[in-house]
Amino acid sequence: MKRIESRINTSSSDFRANKENYLKVVEEFRGKQDKARYDRPRRDMERLDKQNKMFVRDRIKQLLDTGTPFLEFSSLAANEAYAGEVPGAGCVTGIGIVAGREVVINAGDASVKGGAWYPLTTKKTVRALDIAIENRLPVVHLCDSAGGFLPLQADLFADKYFSGRIFRNQCLLSEMNAQQVAVVLGHCTAGGAYVPALSDYSVIVRGTGAIFLAGPPLVKAATGEDVTVDELGGCDMHTSVSGTADYPASSEEEAIAMARDIVAQFRRQSKTVIEWQEPEDPYYDATELYGIIPPDIKQQFDMHEVIARIVDASRFHEYQPNYGKTLICGYAHIWGFKVGILANNGVLFDDSSLKGAHFIELCNQNKTPLIFLQNITGFMVGRDYERAGITKDGAKMIMAVACSKVPKFTIMCHGSFGAGNYGMSGRAFDSRLLFSWPHSQISVMGAEQAANTLADVKIRQLARQGKELTNTEIAEIREPVLAEFKRKQSAYWATSEIWDDGILDPVDTRNALGMGLSAALNAPIADLGYGIFRM
Amino acid sequence: MYNNAFVLNDEELNVAISRTKNGYLLYIGDDVLPINLHKENDDFSILTVLGKRQAVMLAVHGDDVHIHMGGETYLLKYRNPLDRLAAKSRGAADDFIRAPMPGSIVSLNIAIGEAVSAGQTLLIMESMKMESTILAPRDGVVATVNFEKGQTFDRNAVLLTLEEKA
Numbered sequence: 001m002k003r004i005e006s007r008i009n010t011s012s013s014d015f016r017a018n019k020e021n022y023l024k025v026v027e028e029f030r031g032k033q034d035k036a037r038y039d040r041p042r043r044d045m046e047r048l049d050k051q052n053k054m055f056v057r058d059r060i061k062q063l064l065d066t067g068t069p070f071l072e073f074s075s076l077a078a079n080e081a082y083a084g085e086v087p088g089a090g091c092v093t094g095i096g097i098v099a100g101r102e103v104v105i106n107a108g109d110a111s112v113k114g115g116a117w118y119p120l121t122t123k124k125t126v127r128a129l130d131i132a133i134e135n136r137l138p139v140v141h142l143c144d145s146a147g148g149f150l151p152l153q154a155d156l157f158a159d160k161y162f163s164g165r166i167f168r169n170q171c172l173l174s175e176m177n178a179q180q181v182a183v184v185l186g187h188c189t190a191g192g193a194y195v196p197a198l199s200d201y202s203v204i205v206r207g208t209g210a211i212f213l214a215g216p217p218l219v220k221a222a223t224g225e226d227v228t229v230d231e232l233g234g235c236d237m238h239t240s241v242s243g244t245a246d247y248p249a250s251s252e253e254e255a256i257a258m259a260r261d262i263v264a265q266f267r268r269q270s271k272t273v274i275e276w277q278e279p280e281d282p283y284y285d286a287t288e289l290y291g292i293i294p295p296d297i298k299q300q301f302d303m304h305e306v307i308a309r310i311v312d313a314s315r316f317h318e319y320q321p322n323y324g325k326t327l328i329c330g331y332a333h334i335w336g337f338k339v340g341i342l343a344n345n346g347v348l349f350d351d352s353s354l355k356g357a358h359f360i361e362l363c364n365q366n367k368t369p370l371i372f373l374q375n376i377t378g379f380m381v382g383r384d385y386e387r388a389g390i391t392k393d394g395a396k397m398i399m400a401v402a403c404s405k406v407p408k409f410t411i412m413c414h415g416s417f418g419a420g421n422y423g424m425s426g427r428a429f430d431s432r433l434l435f436s437w438p439h440s441q442i443s444v445m446g447a448e449q450a451a452n453t454l455a456d457v458k459i460r461q462l463a464r465q466g467k468e469l470t471n472t473e474i475a476e477i478r479e480p481v482l483a484e485f486k487r488k489q490s491a492y493w494a495t496s497e498i499w500d501d502g503i504l505d506p507v508d509t510r511n512a513l514g515m516g517l518s519a520a521l522n523a524p525i526a527d528l529g530y531g532i533f534r535m
Numbered sequence: 001m002y003n004n005a006f007v008l009n010d011e012e013l014n015v016a017i018s019r020t021k022n023g024y025l026l027y028i029g030d031d032v033l034p035i036n037l038h039k040e041n042d043d044f045s046i047l048t049v050l051g052k053r054q055a056v057m058l059a060v061h062g063d064d065v066h067i068h069m070g071g072e073t074y075l076l077k078y079r080n081p082l083d084r085l086a087a088k089s090r091g092a093a094d095d096f097i098r099a100p101m102p103g104s105i106v107s108l109n110i111a112i113g114e115a116v117s118a119g120q121t122l123l124i125m126e127s128m129k130m131e132s133t134i135l136a137p138r139d140g141v142v143a144t145v146n147f148e149k150g151q152t153f154d155r156n157a158v159l160l161t162l163e164e165k166a
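Protein chains in written order, with our numbering: chain R, 1 to 535; chain D, 1 to 166.
It is worth saying that the hints were derived from the structure and are not from the lab.
Backbone N, C-alpha and C fix where the C-beta goes; we use that ideal spot for every residue, glycine too.
Be a bit skeptical, because a hint or two may be false.
[Claimed, not checked] Mimicking DSBU-like on lysine-lysine, the simulated pairs with C-alpha atoms at most 35 Å apart in a straight line are:
1) R:K488 <-> D:K21
2) D:K149 <-> R:K271
3) D:K149 <-> R:K298
4) D:K21 <-> R:K367
[Stated by the list, open to error] Computed beta-carbon distance windows for the label pairs:
5) R:D261 <-> D:Q54: 36 to 44 Å
6) D:V65 <-> R:K405: 40 to 48 Å
7) R:T272 <-> D:V7: 35 to 43 Å
8) D:V65 <-> R:A483: 54 to 62 Å
9) D:G29 <-> R:K2: 19 to 27 Å
10) R:E46 <-> D:H61: 51 to 59 Å
11) R:E278 <-> D:E40: 45 to 53 Å
12) D:V65 <-> R:E448: 46 to 54 Å
13) D:A59 <-> R:E46: 25 to 33 Å
[As the list claims (entries may be wrong)] Which residues of chain D face chain R? A partial, calculated answer using Cβ under 7 Å:
14) N22
15) L25
16) G29
17) I134
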């Protein structure tokens with residue numbers, strides 16, 4: 001494999017200006033992330049202290065093997081929702097290493113609204129368990145939740161992907177031998193009671209842990225029965241009488257140590273074998289990515305330069321280097337794992353779409369996971385391209401992406417607009433993990449184009465009635481659309497809504513992909529199969 | 001075969017190795033030499049050539065291999081076969097700078113007769129609301145410029161051509 005020859009001049013004024021700009025972007029992202037992770041009202045932290053409870057981050061730290069990485073998902077979920085009062089959507093999820101095994105961690109954060117489930121809390125939890133299912137990973141649940149947030153129950157209870165899906169996913173995990181252990185560190189009430197009950201193993205802390213379908217006040221209201229928390233669903237009752245929980249623990253520390261010991265009993269998955277070689281750092285420094293990404297979303301950059309700063313030794317075997325050049329396809333290694341990369345270098349044409357579809361088939365043929373690096377304004381438009389069949393060629397690429405059986409990973413590197421998002425394995429196409437860079441933007445079309453389209457429609461409507469709009473009136477139509485689009489196409493909105501699995505500092509991309517690839521190999525790769533490619 | 005090459009003192013050495021029961025065979029020109037390299041510790045290795053053993057110190061940085069052996073220091077540069085073979089026939093295809101997408105010229109950053117170096121910005125174009133920078137694929141001199149600022153072009157149109165430096 002040839003090393004990519006970088007054409008970036010790191011002492012040029014463009015590079016330095018880009019870098020200066022991007023360092024600010026990263027600083028803003030880090031600031032938001034730190035705040036969502038650690039900034040809590042004092043009274044909430046004091047309440048935890050009084051209850052003898054650890055902060056969720058400290059629990060996770062005790063659970064993980066020392067010195068191993070934790071790939072956190074959606075740290076900024078719900079950051080743009082609920083007036084910013086539910087940081088991280090009130091839970092922490094991710095892939096970590098426990099007793100030498102890759103596991104998904106699903107931890108309630110009782111420092112946020114007592115760990116109440118908001119609609120985005122259930123969405124984030126369901127997604128974490130989907131990740132466990134897709135990659136056949138064991139799960140450790142750290143349960144501490146006040147239950148569903150009642151004022152918003154209509155948005156979290158009844159629908160297919162709402163809270164019921166958490167329990168459905170737990171059952172499917174158990175069925176596929178992906179084992180689960182629940183650690184009951186607070187109250188697990190109503191639906192929440194099923195998290196430990198449906199786990200293969202459960203540990204409960206004496207004094208603070210409790211499991212019941214209805215707490216004492218609700219029981220009193222329903223039947224008039226007076227009962228204490230401990231009698232109703234405490235540690236000793238459940239571990240010695242009901243058998244709902246398995247192991248009693250006298251403290252959080254003991255419970256977490258016990259959970260580690262339980263995970264150590266899990267049978268280790270034999271991993272799917274793919275091409276692997278000794279890993280090597282990229283030849284080019286990843287921090288140079290800061291100087292490559294232009295501040296203007298309209299400005300293109302050569303995606304070879306990005307690939308060179310993510311893959312082992314910056315080596316890349318480019319497939320069809322001279323055909324459909326607006327889509328780069330080729331093989332490389334990331335942390336030793338062989339991957340196929342598809343990266344945008346301009347809009348998708350008929351030839352680039354065909355190249356992409358063909359390359360995806362090649363990777364499925366030789367069981368090579370796929371990495372999509374998105375910077376896409378869409379498929380080419382215009383008479384010549386429609387006549388050449390741009391739509392059916394795009395459909396071929398989308399068919400190949402959707403039916404691909406190898407693990408897929410998607411990174412939003414700059415723009416993600418229009419149907420190009422689909423062709424490049426957007427959220428709907430089941431990438432095992434999808435991350436966004438903090439400056440990236442995503443929407444059905446660019447903000448300017450959307451505002452102009454809507455203004456155009458209005459102008460033509462009125463023209464038919466013989467009326468004409470003044471410039472001020474046109475601006476009044478455009479401005480609100482523009483503002484709304486800009487807000488909702490930012491990476492922060494996307495990650496708040498959990499359209500991705502989190503925002504990544506570009507320099508962390510290689511490590512995140514390495515962990516994702518390693519985790520993905522816990523599941524087998526299914527046999528080939530496709531729908532009909534429109535020829 | 002012999003596609004791997006190292007550059008030592010400006011001289012390109014084409015080499016290949018194969019595995020044997022006791023180590024390796026080194027193919028260099030018409031010669032075939034039994035060799036072996038055994039790592040003693042982090043500091044040095046034992047190199048055996050034709051049964052003769054000597055201590056060597058090695059440091060690898062990218063494609064550069066620094067070797068300290070018998071009181072002398074050598075610098076070997078690895079040349080990838082794909083790079084070497086491509087370099088032999090460079091030019092031609094790289095001389096025609098074609099439009100990757102249909103669009104228009106936003107700015108021209110060079111003039112006819114101007115010497116350019118690989119990676120230098122030749123022009124900026126716009127297509128589908130995106131601005132792309134077209135860079136020089138190699139060192140050369142601008143031979144022709146076929147479009148002016150603001151002019152539109154089709155995909156694959158030759159925007160400008162390069163020629164060898166005189």
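Hint by hint, here is what the structure shows:
In summary, the hint linking K488 of chain R to K21 of chain D is not supported, as the alpha carbons are separated by about 65 Å, beyond the 35 Å threshold. Among the hinted pairs, K149 of chain D with K271 of chain R is inconsistent with the structure: their alpha-carbon atoms are about 57 Å apart, more than 35 Å. Of the supplied pair hints, the one linking K149 of chain D and K298 of chain R holds, its CA atoms being roughly 19 Å apart against a limit of 35 Å. Simply put, K21 of chain D and K367 of chain R have alpha-carbon atoms about 33 Å apart, close enough for the 35 Å limit, and the pair holds.
For the pair D261 of chain R and Q54 of chain D, the beta carbons lie near 53 Å from each other, so the given range of 36 to 44 Å is not met. Under the hint 40 to 48 Å, the C-beta atoms of V65 of chain D and K405 of chain R, about 41 Å apart, fit the expected range. Between T272 of chain R and V7 of chain D, the C-beta spacing of about 41 Å keeps the proposed range 35 to 43 Å intact. Look at V65 of chain D against A483 of chain R: about 58 Å separates their beta carbons, and that is inside 54 to 62 Å.
In this structure, G29 of chain D and K2 of chain R meet the distance hint of 19 to 27 Å, their C-beta atoms being roughly 25 Å apart. Our hint of 51 to 59 Å for E46 of chain R and H61 of chain D holds, since their Cβ atoms are close to 54 Å apart. In this structure the hint that E278 of chain R and E40 of chain D lie 45 to 53 Å apart at CB is violated, the actual value being about 20 Å. Between V65 of chain D and E448 of chain R the C-beta distance comes to about 53 Å, which sits within the given range of 46 to 54 Å.
Here the CB-CB span from A59 of chain D to E46 of chain R is close to 56 Å, at odds with the stated 25 to 33 Å. With 7 Å as the threshold, the beta carbon of N22 of chain D stays out of range of chain R, its nearest partner Cβ sitting at about 24 Å, so the hint is violated. A least Cβ separation of about 23 Å between L25 of chain D and chain R goes past the 7 Å threshold, and the interface hint is therefore violated. Of the supplied interface hints, the one on G29 of chain D is violated, with its beta-carbon coming no nearer than about 25 Å to a beta-carbon of chain R, more than 7 Å.
Hint status for I134 of chain D: violated, given a least beta-carbon distance of 10 Å to chain R, over 7 Å.
In terms of the numbered hints stated before, the structure departs from hints 1, 2, 5, 11, 13, 14, 15, 16 and 17, listed from lowest to highest.
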